[in-house]
Structures are given as C-alpha cells and as structure tokens.
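Student: Residue-level listing of the chains:
Number of protein chains: 2
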Amino acid sequence: MTERPLILLSNDDSINAAGLYASIEMLAPLGDLLVVAPDVPRSGASHALTVNDPVRLRKVKETEGLLIYTCSGTPADCVKIATGTLLKRPPDLTVAGINHGSNSSVSVIYSGTMGAAIEAAMSGIPAIGVSLCNHSPDADFSASIKYGRIIVEKVLKAGLPDKISLNVNVPDLQPEQIRGIKICRQNRGSWIEKFEHRHDSLTGEDLYSLTGFYRNEEPEADDTDETALENGYVSIVPIHVDMTAYGVIDTLKNSLEIY
Amino acid sequence: MTERPLILLSNDDSINAAGLYASIEMLAPLGDLLVVAPDVPRSGASHALTVNDPVRLRKVKETEGLLIYTCSGTPADCVKIATGTLLKRPPDLTVAGINHGSNSSVSVIYSGTMGAAIEAAMSGIPAIGVSLCNHSPDADFSASIKYGRIIVEKVLKAGLPDKISLNVNVPDLQPEQIRGIKICRQNRGSWIEKFEHRHDSLTGEDLYSLTGFYRNEEPEADDTDETALENGYVSIVPIHVDMTAYGVIDTLKNSLEIY
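Those protein sequence lines, which keep their order, are chains F and H. Here numbering that gives the first Met the number 0 is used: position 134 in the first sequence is 133, and no number is missing along the way. Here numbering that gives the first Met the number 0 is used: position 71 in the second sequence is 70, and no number is missing along the way.
The shape of chain F in the complex, shown without the other chains (with noise of 0.2 Å):
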C-alpha cells in the first residue's frame, strides 16, 4: 500500500467517453484511482440500481496506480459494486464524471454522474460530481481537468461534511475564460418536454423519443448554479440525501388536517 489517496472514479457515459479518461488525466497526480465505469452509456440513470439481476463485472486495465473495471449496471451500481466488493476499506474520495453535458438545477435529479456521487455520499465517502457544460463526444475538457483538480484537490485536504456531494459544472469555456468557483444553490427551474412520435404499424405501438429545453425560473437570481454559469464560474452545489421538504411540514398538518 502507498500513502496517496485512494480514489474510486465513475461516470454514467459509459467505459468509452472521452471525459471519463479526463477525469483519469485530473486524478491521476492525486491518487491511486479504482475506475469502475458502466460497460453501456447511462444518461439519465439518476439513482436507478439494478434490484432483478446480477450485475457484470470485468477488469480491464491494472497498472501502477490505475485499476479499471467496467460493469453492467448503473453508476450507483458501480459505486455500491466497488466499495461492497473490490476495495478492502472506504475510498479517501469518489469523483464520478467528467460527464458530457450540465448536471446544473434539477438535472441533478436525472443525472446518473450524480446518481454515482450521491450513493458514495450516502455510505459516508466524500464524493464530486464533475460536468462540462457541453454534451458533444469530442468536448474540450481543458477546463473542467483544470478546475476538478483544484476543487479535489481542496476536499481531499479539508473533507466533506458527512453524507454531502458536491455536484460541480465548469461552463464551456478555456480556462483561461473562466472567472473562478462559485458555491451555490440549486437554480429553480424545469425541463419543457416536447416528444417526437411515430407509429408501427406492425406491433400497433406508438414510438416517442423525448427532447425538450430547460426553463429557468428565476433568471435574476444571482447565488444559483445557472447564475454562475452564465457570468464563467464553476459552480459547486452542496447536495444532501435528505429530501424532507420541511419548510412546508407545518403548512401541511393544517391544509391536510393531519396533527
């Protein structure tokens, strides 16, 4: 055993996205790295675990400092595989990414990258979700290798409270374009759904394929993730799994007369 951190990498692009061999090149100076990566691409597994089947595991790559499975399952089964069956103690810290495309606002909430970061989080291992604001293939993840390694850098040395994820998005930008780091909260907003349909003949099924554009509702705001975003910033969002909506508890004992 060395003295580096130990850290467990995931994604939910899958085994083969080019932001997943980023976040090796951003780690790899830091720490040995367990790379456990779904064997398929996972956008928008959220927290999805696989509960009916035994998940698939296969080890590809072992070299100094760098051990790479791919697996069948979802992100949050890669992190749960990893720290139930490969490593013999916690991970110093689980980074999950860099994903292909902004995990900023309620995309939190469909993003399998976080879905890998809040699990570690859950079992109390501190844990960084890294997105680029930019979905294509080939993105240019310079700033976000720049940035992730100054923000892992600072957790790895001061920690996490327990059971917090940080969900980061570095806006598509050189780094030399970008401003700084903005801890922020979660912008509110939602995604306007539009569907393409066909119909087939042949089995009588409607086919639909979802697209849609994300609404911001609250542009002025300037202490939100979008906010930061748009001015440059990486934002950093503190995520809890605690989902209790307690500012409306007492509202509802009354509405609902329930005491």
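What the hints contain is simulated information worked out from the structure, not anything from laboratory work. Honestly, I wouldn't trust all of these hints.
In silico DMTMM-like links for lysine to aspartate or glutamate, alpha-carbon gap of 20 Å or less [said to hold, decoys possible]: (1) H:Lys60 / F:Asp137; (2) F:Lys252 / H:Asp31; (3) H:Lys252 / F:Asp161; (4) F:Lys87 / H:Glu256; (5) F:Lys87 / H:Glu192; (6) F:Lys60 / H:Glu204; (7) H:Lys60 / F:Glu204; (8) F:Lys156 / H:Asp249; (9) F:Lys153 / H:Glu256; (10) H:Lys145 / F:Glu256; (11) H:Lys193 / F:Glu256; (12) F:Lys60 / H:Asp199; (13) H:Lys58 / F:Glu195; (14) H:Lys58 / F:Asp199.
So these bits of chain F aren't anywhere near chain H, every CB distance computed over 10 Å [claimed, not checked]: (15) Glu2; (16) Leu5; (17) Asp52; (18) Thr62; (19) Pro89; (20) Ser135; (21) Pro136; (22) Asp137; (23) Asp139; (24) Ile177; (25) Phe212.
Derived DEER-like restraints, expressed as beta-carbon distance ranges [to be verified]: (26) F:Glu217 / H:Asp139: 40 to 50 Å; (27) F:Val50 / H:Pro89: 39 to 49 Å; (28) H:Lys58 / F:Ala17: 20 to 30 Å; (29) H:Pro218 / F:Thr84: 23 to 33 Å; (30) F:His198 / H:Ala220: 49 to 59 Å; (31) F:Val50 / H:Leu201: 19 to 29 Å.
Where is the CB? At the ideal position from N, CA and C, for every residue including glycine.
Starting from the known structure of chain F, fit chain H onto it as the hints suggest.
Tutor: Just chain H, lined up with the frame of chain F:
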C-alpha cells in the same frame, strides 16, 4: 368531459402488479383514471429517464372513467409521456403505486414509484406515492387502499404546495390496527449492502447480486417516517426537488476557501 377529477396513475412494479390494481380500486370512486405503467418491473429505477432510445406506448384497456396504457420506459418516462402526449390538460393529481415494499427513509431516492411522483411534482402537478411495507406479490393492500384514499381525498380538496410530492408509507397491518396518519421527516439511515458472488468461467466475468439491510441511524427520533411506521401509523413525508444542502454552504466556503 365530466366534472370528476382527472388522476394520472403509474407505478414501478409494472402493469402486472397487484398494487397497481389496488390503486385503481382506491382511486376509482374519486376520479377518472389514466394509467400509464411500465411493461416490466422497474423497482429501483429511481428518477431514471430513457434518453437514447424511443419509448413504446400501447393502449391495453379503455372503459368508462378508466384508460390503461403500458409503456416500455421508466416510471418517470410514464409520467412525462402521459402529460406530454396523452393528456390535453395537466391531471388534477398524479398517484404512484401502490408499491410492493416500503419507500421510507432514504429508499425515496432509489424508488421508481417516488421517481414518478417527483417527476409529476417537478412539472407542477400535485403528486402522491403510496407504498405498502410488504413487498410480497400477494400482499394485503386493504389498509393502504383505505388510508391512501383518505390522503388522496384530502389532497384533491386542499392541493399541495408547488413542486411538493408526498411519500406515503403504510404499515403492513390490518386497517383496524392502524393508529392514524403522521406527517414526518425522512429518517436518517442507510443500506448496508452485501453481494452474492459467482464467477462465470465462460466470459471471465464476476457476477454480483445485491442484497442488504437497512440501518436506522436515529432509532430514538420521534418525528421520522421510520418511527411512525414502527408505531403503527401511516407516514407522510413531503418531498421537494431542491437537493441543495443549505446548512453547509457557509461551512464549505470556509473549509474549501472558496468565497
């Protein structure tokens, strides 16, 4: 058009689950129902979306006040497809369930049933996920039908705050054994995983099946869903879609030296 409320129903245990038909029995006296349920079991689907393939939709039943579709997608897909393509106006309420098995505490994050409810809430529709603390296929749903209906009636009358869904869990008891309904916060706890392992000598892959048990990290708390359920109450946790850990923002600014 009738004057009856329009209720959208989905689940994660699939079109074939007894809990779905328990929901139909629960809701039929209260409104007209559009059911869009996954064609295969999707337990543990969380908030996953199908983003790379089209989703298939097929009508399986149409009678007065009851229209049933099955969908190849996830529970969240079912809600998006229903509201985005099948319905001309938003439903008055979305119900998900009745789930075979508890979705209390952190299970809310993994639950496909709650994924459907949260998806509806995100687009502004009042939403309730109902789960029975018994995951067997032939569980007795009589208490969850009775108490689910009471809660649905209250929500149809009073509405819910914007973007709030309710995570309702019902103890596995007879209706007359249930002591009442409590509005709670999400219990703090975690799943301790174990994996059953076997090796596939043909492919060289290792196969892991997920098992585990829940560890309650605050068994003494008197205001959580777990405690309410243990004491024979139906629990309601209001769930929101803002995952920001507001309480640690200032701590993080100092510890990570990001201002």
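Student: Holds or violated: the 39 to 49 Å window for the beta-carbon distance between F:Val50 and H:Pro89?
Tutor: violated (31 Å)
Student: Is the Cα-Cα distance between F:Lys156 and H:Asp249 20 Å or less?
Tutor: Holds. F:Lys156 to H:Asp249 sits at ~17 Å (cutoff 20 Å).
Student: Between H:Lys252 and F:Asp161, does the CA-CA distance stay at or below 20 Å?
Tutor: holds (16 Å)
Student: Can the restraint linking H:Lys60 and F:Glu204 be considered satisfied, given a maximum Cα separation of 20 Å?
Tutor: holds (14 Å)
Student: Please settle this one: F:Thr62 was flagged as non-interface, so is its CB more than 10 Å from every CB on chain H?
Tutor: Since the minimum Cβ distance to chain H is about 19 Å, F:Thr62 lies beyond 10 Å and the statement holds.
Student: Would F:Leu5 pass as off the interface with chain H, using Cβ distances and a cut of 10 Å?
Tutor: With a cut-off of 10 Å, F:Leu5 remains clear of chain H, as the shortest Cβ separation is near 19 Å.
Student: If we take the beta carbon of F:Ser135, is the closest beta carbon in chain H still more than 10 Å away?
Tutor: Consistent with the label, F:Ser135 stays out of reach of chain H, its closest Cβ about 15 Å off (over 10 Å).
Student: Range first: 49 to 59 Å. Now tell me if the beta carbons of F:His198 and H:Ala220 are that far apart.
Tutor: Roughly 53 Å apart at Cβ, these two residues keep to the hinted range, so it holds.
Student: Grab the minimum beta-carbon distance between F:Pro89 and chain H and tell me whether it stays above 10 Å.
Tutor: With a cut-off of 10 Å, F:Pro89 remains clear of chain H, as the shortest Cβ separation is near 13 Å.
Student: Under the criterion that the straight-line Cα-Cα distance not exceed 20 Å, is the pair F:Lys87, H:Glu256 satisfied?
Tutor: violated (32 Å)
Student: Hint check: H:Lys145 vs F:Glu256, CA-CA at most 20 Å. Holds or violated?
Tutor: Since the Cα atoms of H:Lys145 and F:Glu256 sit roughly 17 Å apart, the hinted pair holds (cutoff 20 Å).
Student: Next pair to validate is F:Lys60 with H:Asp199; report whether the Cα-Cα distance is within 20 Å.
Tutor: holds (19 Å)
In summary, the structure is inconsistent with hints 1, 2, 4, 11, 17, 27 and 28 from the numbered list given earlier, while agreeing with the others.
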